[in-house]
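> Going down the list, the sequences are from chains A and B. This note's numbering puts the first residue of the first sequence at 1, with every later residue one more than the last. This note's numbering puts the first residue of the second sequence at 1, with every later residue one more than the last.
These are calculated hints, taken from the structure and not from any lab test. It is possible that part of the hints are untrue.
Simulated DEER-style distance windows between Cβ atoms [as the list claims (entries may be wrong)]: (1) A/Glu143 with B/Arg121: 12 to 20 Å; (2) A/Asn46 with B/Val172: 25 to 33 Å; (3) A/Ala51 with B/Ser113: 27 to 35 Å; (4) B/Ser113 with A/Thr44: 18 to 26 Å.
Which stretches of chain B does chain A cover? Using the computed rule of at least three CB atoms under 8 Å from a CB of chain A, they are [claimed, not checked]: (5) 107-118; (6) 161-175.
Even glycine gets a Cβ: it sits at the ideal position worked out from N, Cα and C.
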Amino acid sequence: MYADPDRTVIYQNNDAVITNPMSDIGNVFFHSDFNYLSIQNKVTTNVTFPATSANTFNSWSFIGAFNHGLSYKPLVLCHINTLGVPLNGTFVYSMDEGATGTQFQQFYSASNTTSVGIFYGRTSKPSASLPSFTLNMTFFVFERVI
Amino acid sequence: MTLLINPNTFETGDFTSAKVYPRRTTDASLDRFHVIQNGSSSIFLGGPDDNFSYTFKSLSWTKGIQINESFTSPLQECTDEWGNASSASGFHASNNNIEISKGGNIVFSTDNSMPHIYAIRTGVVSFAERSPDYLSVGESPYEEIKVLHTGLSTATTFILVEAEYSAPTHLVGYKVNFNGTTNPYSIQQGFSQGFELWVGHSLLDFYVDAAGRLIVKNRWFNESQAGQQIPTISFSYTAYLGLYN
Numbered sequence: 001m002y003a004d005p006d007r008t009v010i011y012q013n014n015d016a017v018i019t020n021p022m023s024d025i026g027n028v029f030f031h032s033d034f035n036y037l038s039i040q041n042k043v044t045t046n047v048t049f050p051a052t053s054a055n056t057f058n059s060w061s062f063i064g065a066f067n068h069g070l071s072y073k074p075l076v077l078c079h080i081n082t083l084g085v086p087l088n089g090t091f092v093y094s095m096d097e098g099a100t101g102t103q104f105q106q107f108y109s110a111s112n113t114t115s116v117g118i119f120y121g122r123t124s125k126p127s128a129s130l131p132s133f134t135l136n137m138t139f140f141v142f143e144r145v146i
Numbered sequence: 001m002t003l004l005i006n007p008n009t010f011e012t013g014d015f016t017s018a019k020v021y022p023r024r025t026t027d028a029s030l031d032r033f034h035v036i037q038n039g040s041s042s043i044f045l046g047g048p049d050d051n052f053s054y055t056f057k058s059l060s061w062t063k064g065i066q067i068n069e070s071f072t073s074p075l076q077e078c079t080d081e082w083g084n085a086s087s088a089s090g091f092h093a094s095n096n097n098i099e100i101s102k103g104g105n106i107v108f109s110t111d112n113s114m115p116h117i118y119a120i121r122t123g124v125v126s127f128a129e130r131s132p133d134y135l136s137v138g139e140s141p142y143e144e145i146k147v148l149h150t151g152l153s154t155a156t157t158f159i160l161v162e163a164e165y166s167a168p169t170h171l172v173g174y175k176v177n178f179n180g181t182t183n184p185y186s187i188q189q190g191f192s193q194g195f196e197l198w199v200g201h202s203l204l205d206f207y208v209d210a211a212g213r214l215i216v217k218n219r220w221f222n223e224s225q226a227g228q229q230i231p232t233i234s235f236s237y238t239a240y241l242g243l244y245n
């Protein structure tokens, strides 16, 4: 471990990484010159998706889960607690429509100037109405790196 | 692990500005010694019995890890129970690892991977409007990422992407987040053209390829029933490129 007024480094084997951590990154455990992702807030909440009438689409729209209170649109990672899976990229949620088959909703995490939430939409038409559904999610809101 | 302690870097001053260093020793019985610099002499804290009695008033490092009032007084060294039943907070270094604990929970350990961002890239990507019944894959111009290191594979690279759209209109004003590994991950967009008619999907992939290039790829899937066009897609993005190490 090394510290001076300009840097703090935790490393092994190679002193050169003190001033040039990228020269041997495998031996660097921590270097204060790097950016590390820092979580600003962690929020667990229920997100309710609206019902869909028969033979209609759900247009892409935003469901605000909570106000983030930040001056920027934050980067957000999300975990779907109800399903036990991370929300990576687009998530396809299937709903059994009964005798007529299965219908799908697509959604992903997003933010705007005030809120963190879910963008969702449906690109096929159910032949029967589908009920509203609720998923419990945890959002990790990051500090702005730049 | 090699722990560096350099007596020549010790600073002078009183305890309120002192710095703490883990001390490397070849004597296993001393491997949890810490050193605090006070003036010209080194003062040893702790030892084989890990019996700290000194109360730190204020300790801080200029950058990086800070040890300050949040690590309760006295700064406690833990032994084998570190991070388990103990409610201690403190800083621990041995020949094997370095750990920082707060309230009995380890908040940093060299035993754990700690991803960091090594590059941030911003850019603007636009994919042109597509004709009806178009089915293809489009790629943005490659952007070379300067840093991929000898001995590292893309398997140790991760990428987080924020995209802010100027089109399509249903996404304008929102920052959409892509996250995943170096495998392509994507966001699917549906475009409504006219009443109750979805004519196409666009699947965007962000990833770092084996050559270390940031790739933004767009795949169009036209499900047109009426032969309408897929509109232009354009967005600005910020990609955070990181390494697990």
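> Decide, hint by hint, whether the structure agrees.
Going through the hints against the structure:
Between glutamate 143 of chain A and arginine 121 of chain B the beta carbon distance is about 19 Å. The supplied range of 12 to 20 Å therefore holds. Taking 25 to 33 Å as the suggested C-beta distance range, the pair asparagine 46 of chain A and valine 172 of chain B conforms, at roughly 27 Å. Against the hinted window of 27 to 35 Å, the Cβ-Cβ separation of alanine 51 of chain A and serine 113 of chain B comes to about 43 Å, which falls outside the hint. Between serine 113 of chain B and threonine 44 of chain A the Cβ separation comes to about 25 Å, which falls inside the hinted range of 18 to 26 Å.
Given as covered by chain A, the region 107-118 of chain B passes the check, having 7 residues with a CB less than 8 Å from a CB of that chain where 3 are the minimum. By the rule of at least three residues with a Cβ nearer than 8 Å to a Cβ of chain A, the coverage given for the region 161-175 of chain B holds, with 7 such residues.
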